[in-house]
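Chemist: Note that the protein sequences, when read in sequence, are chains B and F.
So for the first sequence, my numbering puts the first residue at 116; every next one is plus one.
So for the second sequence, my numbering puts the first residue at 69; every next one is plus one.
Hints are computed from structural coordinates only; laboratory data are not their basis.
Please note that the accuracy of each hint is not assured.
If you want the ones that stay clear, here's a sample from chain F, every Cβ over 10 Å from chain B, calculated [claimed, not checked]:
| no. | residue |
| --- | --- |
| 1 | Pro160 |
| 2 | Gly171 |
| 3 | Ala175 |
| 4 | Ala186 |
With a straight-line cut-off of 25 Å between C-alpha atoms, the simulated SDA-like cross-links for lysine to any residue are [said to hold, decoys possible]:
| no. | chain 1 | residue 1 | chain 2 | residue 2 |
| --- | --- | --- | --- | --- |
| 5 | F | Lys132 | F | Ala186 |
| 6 | F | Lys121 | B | Thr241 |
| 7 | F | Lys121 | B | Arg246 |
| 8 | F | Lys121 | B | Glu335 |
| 9 | F | Lys132 | B | Thr241 |
| 10 | B | Lys498 | B | Val488 |
| 11 | F | Lys132 | B | Ser343 |
| 12 | F | Lys121 | F | Pro71 |
| 13 | F | Lys121 | B | Ala247 |
| 14 | B | Lys285 | B | Leu267 |
| 15 | F | Lys121 | B | Thr249 |
| 16 | F | Lys121 | B | Arg345 |
Cβ pair distances, simulated, as ranges [unchecked claim]:
| no. | chain 1 | residue 1 | chain 2 | residue 2 | range |
| --- | --- | --- | --- | --- | --- |
| 17 | F | Asn92 | B | Leu435 | 54 to 60 Å |
| 18 | B | Leu261 | F | Tyr180 | 23 to 29 Å |
| 19 | B | Ala317 | F | Asn92 | 16 to 22 Å |
Given the structure is predicted, the values throughout are model-derived calculations rather than measurements.
All C-beta atoms in this analysis are idealised placements derived from N, C-alpha and C, irrespective of residue type, glycine included.
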Amino acid sequence: MSAPAPAAARPLAVADVARVGVLRRYGVWLAAAGALIVLPWIVRTGAAVPIMNQMGIAIVFALSFNMLLGQGGMLSFGHAVYFGLGGFIAAHALNLAGRGGLYLPVPLLPIVGGLGGLAFAALFGTFSTSRAGTVFSMVSLAVAELMAASSLIFDRFFGGEEGITTNRAKAPLLLGLEFTRDRQVYYLIAFWVFVAAVAMYAFSRTPVGRMANAVRDNPERAEFVGYSQRRVRYISFCAAGLFAGVAGGLFALNYEILTAENMGLNASGAVLLMTYIGGIGAFVGPVFGAIIFTFLQSMLSDYTGMWLLYVGILFLATVLWAPVGLAGIMMLHAPAWRAGRIGRLVAPYAVVGALGLVAAAGIIGLLEMIHVVIAADTPSGLKRMFWTTVNVRAVTSWLVFLALAAAGAAGLRWAGPRAATALGEANRPGASR
Amino acid sequence: MTPALELASVYKAFGNTSIIRGVNLTIEPGTRQALIGPNGAGKSTLFNLITGKYPVNSGTIRLKGEDVTGLTPYDINRRGLSRSFQVTNIFPRMTVFENIRCGVLWALGYRYSFWHRADAAHDATARTEQVLEQLNLTARRAMPAGVLSYAEQRALEIGITIAGGADVILLDEPTAGMSHSETEHVVQLIREVTQGKTLLMVEHDMSVVFNLADRIAVLVYGEVIAHDTPERIRADARVQEAYLGVPQGVA
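The shape of chain F in the complex, shown without the other chains (with noise of 0.2 Å):
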């Protein structure tokens, strides 16, 4: 089967500082995966460049099988890739309403038209209510999405990213900041909106990870060290370094 998501040597360095050091990890269809790594480790980095926020300095990355190497990130999502980011990054000024249209406007064959009038384009609108339906954020719909509390904007953060359909979804770092109750909701909202879907997500809560993740692959120092089902990982003694300076669970 051919994977969602192939990194082939990917390297990327910022000045003298590489980054990112011949990473290869190979996405299956339709799982969940977690990228883990330590502060540093390169995950932001490593999803800038599959999203084609950065250009890589080599190596290649292809998307279904083909090759999204160097394409910009509104190329690379219309192939059917979205991505939510670390720090909240919606449209604060617009209604939430609008926040989630923007998502499914291009994917619905929008474009940019200006022979259309969005209200009056009917999929549009009621792709947009199913997914407020399923973030909860309903009743607000029509409030501007900047005044809306911190969980409520990671919400819409990730209904933006999927609202459009594609099939491949990155998050950042989804529950970050979130008290034990939002993140549940938050775990629980990922796990509906990815069903059928190929998940690749960077999380620093481990609960989240192994309640989610069919694998996970660990990034140290710009490399992929490990990648493998959660039990594996928790029992890779390279991992353990790592995480914690020394190996565990000899005893």
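The following block holds chain B by itself, in its conformation from the complex (with noise of 0.2 Å):
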């Protein structure tokens, strides 16, 4: 424990925090609904704003997700369940409305998402939030599985393989509003995100929300203090299933098709990929997630047919040497940052970067290597990648990635602790400025 002094000193500045807090969490409020206007006057490439609608809709479906892990401490391996499903929900209303069956505006479709998310989580929230723990992941796998078997028996609600094709242009015009180009797809996307964001990041404060993470904390004693444990879960999860269905609702308007695909198991674990590598101890973790996996995921499959591994790797990077995330990072950063002492960790860092490119670029070259071998579908045995031609069948194309790799990870081992030490004294308390 601290000694008495530098106690004494800090009921001061958490206040004077706490009151700066107020103002710079509006700000950074503004800042994002700012950033969700300009984004696409900025990024002008062709392919910008379509990756930016899958960008939002993986965010509101990341920060869903988070409701459960990282603020109720519930592993889901089935989440994207109450995503498909409000999606599917969404698609069937948006065909009712095209047939004239039901006044329901493009705009407020992501509303019908969430209510069919929200109303199967409900459901199948009654006897999944019984449990935390182990016992909650396996029946949210079973869920998932069950949901899947549905999906070839049902086959006119899940459209078998073809799944549920729709066309938003076919629905009632609301206030004149129309979406037949993509940045006015982007711009219903985009206040819907925001909406989203605002309502769960205000969940997260609502008494029940405190709740949901002193569940996650200490179930026991949150009993003791007049709580269900099985009650705040349950509340939680319902609100989960309902932003899960919003984001699901959005899917179906911007792809204008659902599969059962989009509730399978792939879905899920992506999303829990996403948010376990933003950061799942931060609110704006999954954020962040959302962005790159998405940003991997389009860029990247232009580049290789592996990049679904380099996500594995970059998950599995994650969980062993930064568990707290992308936003944890950040966050350990914090002490240093207000210290003024941040700049004594660039040379650190940028050893460290150095050497991890030197890893990555040994280890990249290794699998691409590997993978045109297994796939044999290049007869010449060339490859190009890093701007060079590399021979397959040359055994010094092996030796050079594969020296390139052992080099960056020996460097790795040397420089990473000296950059933890040197975070270590940037972030400590008191030391000169």
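Take each chain as given, in its own frame, and dock them per the hints.
Modeler: Spelled out as structure tokens, the structure:
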């Protein structure tokens, strides 16, 4: 425990931070809204807007997943069930609206998706949330399998292998708004991303949202202060299902098609990966994760057929070496930042970064060469990578990449702890500025 | 007057082992009482039965006249009984402030609300601040509870227990593992926060027991063998035998 003197000095500092925090909190939201508005005018390459739409949907989905994992301590392997069901219900509702059977303008579609996700979360949550921990995870997996089986049985609803298609152009207009161009759809999605993010943040600050943290930390004690751990988990689960359904509704209006894959185990796995890579301990973590994941998905897949393997390696590295995720790593630097000592970290981090690039180049080279050998679709044995041509049949190619990987890894073992020490030094309270 | 707590023929066995063997105990409201007894006598088990953590095999437990036998811990807590734990049982990743506030929210009627902002619940904030002040933990309010010192965590444990304003308080070894001066501080704290309430506490430190308790119940092998004022308990031959193996004070 720290000595009495710094402890006595603390409350003042804390109070100041809290006061600034109010301004800063709304500042972050305003900045986010501003970024959402100007982004399509800044990033103007052809594929940018569709990718940003995809990112927005992923952000809502990942934030809803973190209501379970980060805030409630519930590791779900089947969260895409609520995304998918919300999406299917939204797609059917849009088709019904297109036939004139329902007045449903396109902008309100995410609400339908949300209500669909909420309804099924309210149903499946009754037994899913009776226990926490491993039992919860297993039940979530069972529900995902159940829905996968159902998608084959109820093919009128799920559309079999082709899925359900819909057409947003046929729905009635609200305020004369049409959604025929990418940018129009972008602003609709951006609006809902912002609303959903604010609502999810607000939920985490309500009494039941705070008790979700308490139940995560210590379910027994929560019961002895008047709260049923099961009821608290159930409410979080319903809220998470609601927002997963909103994301599914956004998916339906953006892509105008849903298939059973959208609620399958791969989709559930993807949201787990992105949320964890972004960091489950901070509200903003899943936002980072969703952006990185979608970026890798759309960019890397142009360069390599193994993009998912690289995402898997990134996930593995996060679990092993940075379980706090990207947002957690950033938060670790807050004390050094406030003390104005962040500059001292530039040099050690540059060394780590350079060595990391060397190691990554080696590993990527080896993996790509293995891919060429196994896929055997390159008879010449020549593969273009790293701005040069690599001959897979030459031993030197293998030796070079092996050497790079080994040198990078060895270097990281040396530089990594030094960078960690430098961070500890920079974060130490009371040291000279 | 309706007793604060009333146990009638409470019986509990784990498998073939009887732990609580027909306990009858009446705790009058507004008193501070201690439950003592040798290790393994069943003191913590009795606490777990009263607070609903374990179901009883037979017998009834009444809280302020109301039968609470078989109710869940949260139902019993909502009826005005709150407990602390022998092993520190806090919310380690939440701040000290939030730990206390968790103990306040239900009692102030926020229940499972998702339509209030917790930070804007001024009554909850005010009550939390007041408890932090009593615990002398105001300076630690923004720290994660898991990084507090042991004595501070024990104080926080008591704080969470009393924060909701329950009128029947059960404390399980509140001074366990504390130094002499820390113990003195906790005794003072307990005296302060249980003012006008009913207190039942398990305690091994006899100076604490005789300092705080109006009455003492002695539990030996799952039975209450004596329940009386400190002076009479001190003089009771059966109690001495249970504690020391031989009758004393005859000479």
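Chemist: Checking each numbered hint in turn, tell me which of them this model violates, lowest number first.
Modeler: Per hint list: 1, 2, 3, 4, 5, 9, 14, 19 violated.
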